[in-house]
Amino acid sequence: MKLDLSVLTSNTGAILGGFAITLETWIAGVAIGILAGLAIALLQRRGVSPINRLLRLYIEVVRGTPFLVQLFFLYYGGPSIGLQLEAVTAGILGLGIYGSAYFAEVFRAGFNAIPKGQMEAATCLGLSRWQTVRRVMLPQMLVIIVPSLSNTIIVLSKETAVLSVITVPELTGVLTGIGSASYAFTEVLVTLCFGYLLLVEMTAWFGRWAEAKVGRYMLR
Amino acid sequence: MTTPEEQPLDARPPSAAVRARPVMVRLRGVVKRFGANAVLKGMDLDIHKSEVVCIIGPSGSGKSTMLRCMAFLEAYDGGEVFVEDRLLGYSTGRDGQRVRAGDAEINQVRRNIGMVFQQFNLWPHMTALGNVTEAPRRVRGMPRAQANELGMRMLEKVGMAPRAHAYPAQLSGGEQQRAAIARALAMEPHIMLFDEPTSSLDPELVGEVLQVMKQLARDGMTMVVVSHEMGFAAHVADTVVFIDQGLIVAQGPPQEIFQGEQHPRLQQFLQNYLERNAFWTR
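Note that the protein sequences, when read in sequence, are chains A and B.
Its first residue numbered 1, the first sequence is counted upward by one per residue in this note's numbering.
Its first residue numbered 1, the second sequence is counted upward by one per residue in this note's numbering.
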């Protein structure tokens with residue numbers, strides 16, 4: 001088998017453009033997902049029962065349905081309730097919603113791993129709820145959850161490929177387009193794999209670095 | 001809350017001198033339930049200024065729950081806890097019913113209470129000094145330099161100044177507990193609550209913590225200590241309170257509790273203790 005690299009070299013601009021969109025949607029989606037997930041996990045800790053049931057339902061629905069279907073709802077179903085979104089915006093929002101359910105579970109597990117007595121000590125010393133979260137819980141929780149956090153971020157990097165079905169011009173959309181036009185599927189798919197591998201390895205490396213950095217005091 | 005039949009017959013009032021001092025914590029008919037199970041069945045107790053009160057009793061008797069109610073770590077279901085004459089944890093709602101007070105109000109009343117836990121509960125991501133200065137800095141808004149100076153003074157007090165920059169994981173159990181005491185002292189409490197402070201320590205480390213507590217007692221701190229250390233209760237306490245099944249069965253000066261005429265349940269409790277701990281004399 002012979003690889004025809006000219007298919008790639010003649011489309012460098014489009015491929016890099018697609019890669020940039022993949023990066024953009026991924027990073028923005030992860031940011032939304034982390035913030036929303038943290039908010040959900042913190043709200044759950046307040047223990048107000050109707051709110052908790054609602055949040056639980058949200059997490060179950062988002063985790064229990066395919067990302068593809070959620071995107072269809074958001075992009076094609078959105079206009080019927082007056083939600084008209086650009087493809088990229090819908091992609092970022094969709095990824096954020098999808099990620100938030102998983103991040104919420106990661107944060108919840110992290111909060112639960114901190115011994116209750118540490119919060120009681122903070123309470124007795126007069127620290128407010130938010131001070132306790134920020135000064136006592138978050139720093140410790142981050143150490144505990146870095147591995148599962150980077151795992152979820154990695155999974156989301158590959159979910160960006162699904163955005164091509166709602167016409168987001170990201171890496172998978174661009175490359176499969178080139179493949180269909182040139183019939184050079186092998187070249188295109190190999191490039192695609194390397195593209196995602198690059199993202200995943202970058203994230204994994206960053207995750208390990210973060211683990212080593214934030215975990216220093218635990219190793220003493 | 002307490003019915004006359006439940007009122008212990010041989011409960012002795014604290015000695016006149018102690019009783020003449022102002023009351024720091026007043027428990028009136030305090031009831032606590034976990035589900036259908038009443039853990040505290042109506043407790044009355046006055047803790048006076050500079051009094052050292054040791055609470056003894058079998059496990060599951062409600063000692064720790066009672067202490068935790070005094071810090072409102074547990075919300076009591078009936079009766080009243082007054083800290084320096086202010087009702088802890090509740091305020092009167094619009095309809096005259098008692099409602100849980102807001103966090104800020106609870107913190108106001110609880111401000112002068114310091115608590116020491118069985119598991120130390122130091123924050124592992126901060127040094128000993130960091131643990132001690134956290135509350136003065138965040139709650140009192142003390143500048144870092146001043147907080148560090150205060151922190152070092154508190155660590156000095158418990159003999160931990162040389163270990164100020166160590167993390168909890170680098171400290172022995174006794175050192176951790178002493179740092180935890182310094183952390184509570186840094187907020188300058190009027191009352192210190194100790195929840196089995198030596199129960200999770202290796203036997204050879206118990207002494208250093210008790211030493212610190214004795215010094216505190218000598219300095220005139222008002223202390224409530226839940227402990228199995230009968231020696232400490234006998235030598236340091238002004239008042240020993242024996243709790244069984246959610247009720248105060250006996251209270252009085254240590255010599256009365258340990259040597260006086262004893263309630264049958266107290267007698268049994270002390271006999272058990274003696275058999276477990278003083279085997280060499282038998």
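Bear in mind the hints are in silico, worked out from the structure with no lab data behind them.
One should not assume that every hint holds.
[Unchecked claim] No more than 25 Å apart at the CA atoms, straight line, and that leaves these computed lysine to any residue pairs for SDA-like:
1. Lys213/A x Gln170/B
2. Lys116/A x Pro143/B
3. Lys116/A x Met126/B
4. Lys116/A x Arg94/B
5. Lys116/A x Asp202/B
6. Lys116/A x Met202/A
7. Lys213/A x Pro115/A
8. Lys116/A x Leu171/B
9. Lys116/A x Tyr167/B
10. Lys116/A x Ser15/B
11. Lys213/A x Tyr167/B
12. Lys157/B x Met142/B
13. Lys213/A x Pro124/B
Now for the hints, and whether the structure bears them out:
Note on lysine 213/A and glutamine 170/B: the hinted pairing holds, with a Cα-Cα distance of about 19 Å set against a maximum of 25 Å. Proximity of lysine 116/A to proline 143/B is assessed by CA-CA distance (about 29 Å); at most 25 Å being required, the pair is judged violated. Only pairs whose Cα atoms come within 25 Å are accepted, and lysine 116/A paired with methionine 126/B is accepted, the gap being roughly 17 Å. Between lysine 116/A and arginine 94/B the alpha-carbon distance is near 33 Å, which puts this suggested pair outside the 25 Å criterion.
For the hint linking lysine 116/A to aspartate 202/B, the alpha-carbon distance of about 23 Å falls within 25 Å, and the restraint holds. Note on lysine 116/A and methionine 202/A: the hinted pairing is violated, with a Cα-Cα distance of about 35 Å set against a maximum of 25 Å. In summary, the hint linking lysine 213/A to proline 115/A is supported, as the alpha carbons are separated by about 22 Å, within the 25 Å threshold. Distance check on the hinted pair: lysine 116/A and leucine 171/B sit about 21 Å apart at the alpha-carbon level, within 25 Å; holds.
A hinted pair counts as satisfied when its Cα atoms are at most 25 Å apart, and lysine 116/A with tyrosine 167/B qualifies at roughly 19 Å. Among the hinted pairs, lysine 116/A with serine 15/B is inconsistent with the structure: their alpha-carbon atoms are about 38 Å apart, more than 25 Å. Between the alpha carbons of lysine 213/A and tyrosine 167/B the distance comes to roughly 16 Å, so the proposed pair stays at or under 25 Å and holds. As the CA atoms of lysine 157/B and methionine 142/B are separated by approximately 20 Å, the hinted pair is consistent with the 25 Å bound.
With a C-alpha separation of about 16 Å, the suggested pair lysine 213/A and proline 124/B falls inside the 25 Å cut-off, and the hint holds.
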